[in-house]
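Asker: Given only the sequences and the hints, what does the whole structure look like? Please build it.
If you read the sequences in order, they're chains A and B.
Last residue of the first sequence: 1911 in my numbering, with the numbers rising by one and none dropped.
Last residue of the second sequence: 758 in my numbering, with the numbers rising by one and none dropped.
Calculated directly from the structure, the hints in this document are not laboratory data.
Watch out, some of these pointers could steer you wrong.
Partial pick of chain B residues on the chain A-facing surface, computed with a CB cut under 8 Å [what the hints assert, rightly or not]: (1) PHE392; (2) LEU394; (3) TRP455; (4) PRO506; (5) ARG508; (6) VAL513; (7) GLN545; (8) ALA606; (9) ALA608; (10) ALA628; (11) ASN678; (12) HIS700; (13) SER716; (14) ALA717; (15) HIS721.
For each residue, glycine too, the CB sits at the ideal point set by N, CA and C.
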Amino acid sequence: MAERALDGLRVVEFTDELGSYCGRLLADLGAEVIKVEPPTGGRERHTPPFYRAAAPGPDTSLAFWVHNTSKKSVVLDLETEAGRVMARTLALTANVLLEDNPVGFMAARGLGFESLHAELPALVYTSITGFGQTGPHAGYAYSDIVGQAMAGVMTLAGEPADPPNMIYGQQANLSASIQAAQATLLAVLHAEAAGEGQMVDVSAQEAQSMNQETAMQQWDLQKTNRKRTGEKGALPLTLPGFGVYRARDGYLMCYVVAPAGAGFPVLVDWMRERGMAGDLDEEPYRELCQNLNFGTLTQLAKDPARAAAMIPDLEHINELLRAFFASLSATEAYEEGQRRLLLHGIVSTPRDLAENSQLRARQWFTQLEFDYLNAVLEFPGAPYRLSETPVQIGRPPRLGEHTDEVLASLAAARRRG
Amino acid sequence: MTRLPLEGLRVADFSWFGAGPIGAQTLATFGAEVVRIESEAKLDSLRIAGPFALNADGTPKSSYNVSGYFNNFNAGKLSVQLNLNLEKGQELAYRLIEKSDIFLTNFTPRVIDKWNLRYEQLAALNPKLIAAYAPMQGLEGPHRDFLGFGAVLTPVTGISHMSGFPNRPPFGVGTNYPDYVINPGHTCTAILAALRYRNRTGKGQRVELPQIESVVNALGTAVADYLANGTVQVRSANRHPLAAPHGAFPCLEDPESIGSVDRWIALACYTDLQWQRLCQVLDRQALASDPAFSTLEARKLNEDALESQMAELTSEWRAEDLMAALQAAGIPAGVVQNAQDMLDRDPHMRSRGYYQYLDHPETGRAAYDGPLAVLSATPGHHRAPAPLLGEHTLDVCQRIIGLEMDEIATLLAEGVLV
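Answerer: In C-alpha cells:
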C-alpha cells in the first residue's frame, strides 16, 4: 500500500459546515480525522441535497458527504459532563484539534486551547470562526453569506440593478477551510520540528477577503471602490467576442478580444467554414474584424464619439456571432474553439462537468461504496495528485459510526496507563 | 525569536499571474526564501495590469513595479530575471533548482516542455525536490493545451452556472475567482503535505494541481448531486435551502463610499426564533404573526413576497446600524462591505491588523493582504514588499547560483539575464 503524506497524524475535529472541508483535505491526505459530533449531527448533516434513493437524514446529505470524506465519526454530547470528559480525553490523544465553534464555546466545555495546551504542549489547535478569536466582532453571529458580504467579495458580483450576488458553494466557509488547512500544516511542521504546539486562529472574513482580486489595492492606491458590473463587465461598450453567448444547449464565455490566444479573424475563419460569416468579408466589417482586439479597444475608450459611431457595425458583427454560436452545442463550440486557440470556455453545468472529456480521460471521478445504502456512487475527485503519496478518498462516515471503536480504544489506552 | 516553520527552505517560483504566486507568497510569509523567476521576454501580465500607484497629479505611475495587482501576490520574494527561451537561461534555471527544495509553476505543459522543466528532468538534478505543477487542465489529457486563466476557469468549472440570479445569463462573479484562494490554497496545502513526507522519508515528489480539478472539487455538492441523483442544479440567487430570509437587502445609500454608494445588508435567518427577533428589530410585530411567514416552511413557500417586504423595511436603515441591531439579537448579519470598509472603516479588521503596510521604493507605502491565519507561536509576516523586476538578479546569481561577476556581465550582454 502506498504511503500517505499525513500518515500518523491524528486530528480530532469539532466542526460543522465552516471547518469540515479543512478536515476533509487532511483526511484525504492520510491523517486519521475523528469528527466529534452532537447526537443529532450538525447542520451540515441536515443540509440538502440528499441522496434521492434513500430517506433524507444525517447519513444521506450530499453537502455533508463532499466535505467529510475519509473521516471517522464519534458522537459525544458536549452538553453532558460525561461527554465533555470523553471529548477531552480524546482531544488529548490528538496532534491537531480542529474546531469551528463560536468563540468561547470550547473553553466553556473544558476544551479550550489554554487548558489542552497546558497538558499537551505539542498540540496544534486550529480554530476557524467567522471573524477570528479577537477584535470587536469576534462574538458576531456568522453564516456563509455574511462572511462573503463582510469580506468585500459580494459587492463585486452581480448586475448593478440586482442585489450583490453570493457565490455558490459556501465560499467563505470554503476559503476559511482551505486557509486553515495550510496554516494547520505549517503549525504541524513546526510542532514536529520543535515540539511546540500553538493556536491557529482563522477568520473566514479574512480568508475570503483575499478574493477581492484588485479591489483592496484599488482603494489603497487610488481611493476608489470597485463595483459590480454584471453581464457587461468592465468594458465601456459591448464588443463582439467578449462576454456570454448562448449556444444551442447552454452558454459560452468568450474572451476572444483579450491579449492571449488567436484573434478575432480566426473566429471569422471558423464562421466562414460553417457558412455563417455573412458579409463579414465585406467592408466596413472586414477591417473591423481584423482589428477587434484590446489595443483597438483602448483607443476607442479614449474616443467616445468614434466608439459611438461604430456601435451599429459592431452590433451587426455581434448578431452574426450570436447566430453562429447558437448553431453549435456548448461543448462542441468550446472544444473546437480551443483547438483553434480561441480564448473562451464553456459555462459548464453540473452535467457538463460530469461529462467533461478532460476530467473523464484523466479518471478524475472516484467511486465510493456506500455499503449501508447498497450503492456504489461516483463522486468528485481530489484537488491535487501527489506522485508518491496519493490522495485517497474514503466514504464519509455515518453519524456515530465509529463511536464504539474509538471509545474502546481510549478505554484500552487508559487501562494500559 | 522563534524560527518560522519554513526557515531554511528555498522555493524556485516559476509561476505567474495569481494562482501560482499566491501559494509561493504563503511559503515566503512563513519563512521560506522564495526566488521568483521573471523575464521581460515573458512578462507576468499582472505587472502591467492595474490598479497602479498614482503620481501626485493623480495620473497612474508607469513602470513594471507599480501594480497593486502584482505586488500584493509577491511580497517578500526575490526577483531574478532569466530568459528561459535561451539554452543558457535554462542552464541557470537548473542550477537554481539544484539548490532549491520546492519548485512551483503554473505554466501550461507546452511551455514546461519548451523550457525543459518536466518533473523527470528536475528530479534527475535534485531527487529531494518537491515539484509542484498547477496548469489549468493538468499535465495530460485531451484538453491539456487549452488556453485560459481564472476568467475562463470560472465558467468552465461551474462557478458561473451556479452563481447569481436565475433570470440573468451566467456572466460570472465579477472576478477571476478561483485564482486567489481555491487554487493557490490547494497548491500550497499539497506542497506542505509533501514537505512533511519529505521530512520523514527524505523523498521528494511531483505534486500536480490541475486547476479544473481543484475548483470542481470545491463545488462538489452540485456535481455529486448530478452524479448521485441526476439533478442539474441551477443558480438560485442569494437563497439557501435552510434559511429565509437569506440574502442581501438594500439599506440607505452611503455617500461616503467613493464610487459605490449603494449599500446592502446580508443576513441569514435559519430559525423561527430568529424570524421573530428579526421582526422585532425591524419593528414589524404584525409580520411576525403573519401565518404566511411564521414558519421556515411558509417563508420558503412565500419567499418572493418575503424578500420584497424585507427590502422595503431594510431600506430605511443605515446598514451599519441594522447590522449592529441584528447582531445584538443573535441574527447572522453583515454589511456588504467594499474595499474602503475593509481597509479603513471596519473597526474589526483594523483591530486585528490583518493588512500589512509596507514601504515600497516606487509605490510608496502600500497595503498587502496579511498572513492567511494568526499562528500564535510562529506568526508569519511579509519580510519585504514585492520586488522590483530583476531587483535580485545579481544577488541570486552570485549568492545562490555561484556565478562570478565576469560571468554575470557576459550573461547580461548575451540577453540571458533579462
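Asker: Restraint: ALA606/B near chain A, CB-CB cut 8 Å. Satisfied or not?
Answerer: OK, holds: ALA606/B within 8 Å of chain A, min 3 Å.
Asker: Do the numbers back the hint for PHE392/B, that is, is its least Cβ distance to chain A under 8 Å?
Answerer: 7 Å, holds
Asker: For the restraint on HIS700/B, tell me whether the closest CB of chain A is nearer than 8 Å.
Answerer: 11 Å, violated
Asker: Is the hint on GLN545/B kept, meaning its closest Cβ partner in chain A is under 8 Å away?
Answerer: Because about 4 Å separates GLN545/B from the closest Cβ in chain A, which is inside the 8 Å limit, the hint holds.
Asker: At a threshold of 8 Å, is the proposed contact between SER716/B and chain A supported by beta-carbon distances?
Answerer: 4 Å, holds
Asker: Have a go at the LEU394/B hint: is there a Cβ in chain A nearer than 8 Å to its own Cβ?
Answerer: 6 Å, holds
Asker: Report holds or violated for the interface hint on HIS721/B, using the least CB-CB distance to chain A and a cut-off of 8 Å.
Answerer: 13 Å, violated
Asker: Against chain A, is ALA717/B within 8 Å by beta-carbon distance?
Answerer: 4 Å, holds
Asker: Holds or violated: is there a CB of chain A closer than 8 Å to the CB of ASN678/B?
Answerer: Holds, about 4 Å.
Asker: Let me know if the C-beta of ALA628/B comes in closer than 8 Å to any C-beta of chain A, holds or violated.
Answerer: 19 Å, violated
Asker: Using the nearest Cβ pair, does ARG508/B come within less than 8 Å of chain A?
Answerer: This interface hint holds because 6 Å falls under the 8 Å limit.
Asker: Tell me if the interface restraint on ALA608/B is satisfied: Cβ within less than 8 Å of some Cβ in chain A.
Answerer: 4 Å, holds
Violated hints for the displayed structure, listed by number in ascending order: 3, 4, 10, 12, 15.
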